[in-house]
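Novice: For reference, the chains in residue letters:
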Amino acid sequence: MISNNLPALQIVLPLISAPLCLILFRPKLVWFFTMVICLATLGISVELLSAVVNTGAISYEMGNWAPPWGIELRVDEVSSFVLLIVSLIGAIVILYAGKSVEREIAPHKQTLFYSAYLLCLAGLLGIVITGDAFNVFVFLEISSLSTYTLVSLGNDRRALTAAFQYLIMGTLGATFILIGIGLMYMMTGTLNIQDLAGRIPDVLDTRTIRASIAFLTVGICLKLALFPLHLWLPNSYAYAPSAVSAFLSATATKVAIYVLLRFVFIIFGVTFAFEVMPMGTVLMLMSIPAILIGSTVAIFQQNIKRLLAYSSVAQIGYMILGISLASVTGITSGILHLFNHALMKGGLFLALGGIAYHMGAARIEHFKGLGQTMPWTMAAIVVGGLSLIGVPLTVGFISKWYLVLATLEQGYWPIAVVVLVGSLLAVIYMWKLVEAAYFNKVDEGEVVVKEAPLQLLIPTWLLIGASLYFGIHTELTIDAAQKAAEMLMGAGR
Amino acid sequence: MNMFLGLYNYWIVIILMMTGFYIVIAKGNLLKKVVGLNIFQTSVIIMYVSMAKVKDGAAPILTEGVEIFSNPLPHVLMLTAIVVGVATTALALALIVSIYEEYGSVEEDEIHEQDGSF
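Chains as they are written, first to last, in our numbering: chain A, 1 to 493; chain B, 1 to 118.
This is chain A alone, in the form it adopts within the complex (with noise of 0.2 angstroms):
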């Protein structure tokens, strides 16, 4: 019974429990009880992993209602993928969560941020798991919601102002998406995404289906935080508290780009998204500046979180590079990275989350002698920094060399010395940390810090730790990476 239902809970269950948390109240009890919903959340999703691993993709029907006319709820290879991510993330994170809002965030909310944590992983896995157009748009927008909420409760005032300007841009993004798939609808008559990509083909020549994938496009890319629709990303990173930057960082932009290849590949197909269209040129010049001006505007930065919010920018710069390259290389980079990111980007937050449950912030001048205080906390930045640079034995240098390949089999030389300029760029920013930490004395009658407590640092360590594994340990991740990019490129006419 349960078994044949996994699909649905994997969205039910969390959504379901984000109400609860209201009537528990207590906030060490619904932190205990978010904790448990998220565990079994990641039990569904690798439940579910390895059954599409054993018997092939999973096609659910929402309410017994047979696609195309009801909902469907579809896991394959990418998505069962996905899913694992964004549960684990959610997980981890939540049990980092537990210490970090205790101290961030005043004791009356933090029901609240659970169960807006709750509704943020819910829309998430409902975007990833959904078969059908227009349940992307609800669900991107129950993730956007409690995502704003989320935000506004980081303890600086300017959170408040990040969360508003946020809401904004990521609104006008949906409605964009909104946009696209009504354009898509008149043509079609139908939302179930395997329905759409049956139907597109026979109208694709018109200029409703260009006006579609063009307002799609823009619409994704201000939800992926692509230069210079990045402009949301950097404030609601720094301002918002460190569990909520970190879980964000490693989920929100990476659903956006799962969607992003979904209705390129799946919907429009390579051809007409990359020869009829210019997808890739476009991409392509959005993700250079990325790359170069995301990684020079985070050397000046002296708040850390900001710095790393500024890195992701270029990082997302790499990704999407890597897809407009429309090849199996380009893409497995992409995705490649999509994951490595997630773990190197998540990780580095939460170190930042450690040092900020000590010092109140994270500016330049707190790392003074880090590496003694808090040395576990301060190791882990700067493995997950080495990782951001992309020196070999860890992940970051895994999907940097995918790309540089693909770039160098179509003879782009010129951009293969961009990725290479924004890595050099990556070490002087990373390098001011360092410098900071381990190059300078504590000063005299400051606060003695300590090292972070257990609860943070496990976790932390846990993502850290996963992003050396994966470095070492290479065939896992290249191939579900491989098998997902062969998928969407075959799935093109």
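Just so you know, these hints were derived from the structure itself, not from any lab. Do not rely on the hints blindly, as some may be mistaken.
Quick partial rundown of chain A residues pointing at chain B, CB under 8 angstroms, derived from the structure [what the hints assert, rightly or not]: (1) Phe-134; (2) Glu-141; (3) Tyr-148; (4) Thr-149; (5) Ser-152; (6) Arg-157; (7) Leu-160; (8) Thr-161; (9) Ala-163; (10) Phe-164; (11) Thr-171; (12) Leu-178; (13) Gly-182; (14) Met-186; (15) Met-187.
To give an idea of the chain B side of the interface with chain A (calculated C-beta under 10 angstroms), a few residues [what the hints assert, rightly or not]: (16) Ile-15; (17) Met-17; (18) Val-34; (19) Gln-41; (20) Met-51; (21) Pro-60; (22) Leu-91; (23) Ile-99; (24) Glu-102; (25) Ile-111; (26) Gln-114.
Where a beta carbon is used, it is the ideal one built from N, C-alpha and C, also for glycine.
Based on these hints, arrange chain B on the given structure of chain A.
Specialist: Quick look at chain B alone, frame taken from chain A:
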């Protein structure tokens, strides 16, 4: 002529959409931005509803002697979109109230002034 009169519903959509978009970008007052955002979203609702109309189609209620019906699905989709719009507006207004309590202003430039750089 057909370009304008024949497709007048889409022209209305475009005009409304651009009006809303302009307000969001040009106005510094946070409340006006929310109004602009609402107009922007409403234009999409009109687009969906107007495309559901089938020429000579009756209301989608099963009656004898009626063969052609308008498509009811976009209306249902827009009910969801309206709910989303209401939730977004409510959240935006709640944020504006908190911003006003913290800064004592809802004008964007005055808020930025208080924080130094934004």
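Novice: Do the numbers back the hint for Glu-102/B, that is, is its least Cβ distance to chain A under 10 angstroms?
Specialist: holds, 4 angstroms
Novice: Go through the hint on Phe-164/A and say holds or violated, using the shortest Cβ distance to chain B against 8 angstroms.
Specialist: holds, 5 angstroms
Novice: Given Met-187/A as an interface hint, is its Cβ closer than 8 angstroms to any Cβ of chain B?
Specialist: violated, 10 angstroms
Novice: Please verify that hint: Thr-149/A, Cβ, nearest Cβ of chain B, below 8 angstroms or not.
Specialist: holds, 7 angstroms
Novice: Should the hint that Gln-114/B touches chain A count as held when the rule is a Cβ pair under 10 angstroms?
Specialist: holds, 9 angstroms
Novice: When the nearest CB of chain B is found for Leu-160/A, is that gap smaller than 8 angstroms?
Specialist: Constraint on Leu-160/A satisfied, holds at 5 angstroms.
Novice: Minimum Cβ distance from Leu-178/A to chain B below 8 angstroms?
Specialist: holds, 5 angstroms
Novice: Can you verify the interface hint for Ile-15/B: is its Cβ closer than 10 angstroms to any Cβ in chain A?
Specialist: It is violated, given that the least Cβ distance between Ile-15/B and chain A is near 15 angstroms, above 10 angstroms.
Novice: Was the hint right that Leu-91/B lines chain A, CB cutoff 10 angstroms?
Specialist: The hint holds - Leu-91/B has a Cβ within 10 angstroms of chain A, the shortest such distance being about 6 angstroms.
Novice: Identify whether the interface hint at Ile-99/B stands, where standing means a beta carbon of chain A within less than 10 angstroms of its own.
Specialist: Holds: closest Cβ of chain A sits about 5 angstroms from Ile-99/B, inside 10 angstroms.
Novice: Measuring from the C-beta of Met-51/B to each C-beta in chain A, is the shortest one below 10 angstroms?
Specialist: holds, 5 angstroms
Novice: Hint Ile-111/B vs chain A: min CB-CB distance below 10 angstroms?
Specialist: Since chain A brings a Cβ to about 6 angstroms from Ile-111/B, closer than 10 angstroms, the hint holds.
The structure does not agree with the numbered hints 15, 16, 21 stated previously, though it agrees with the rest.
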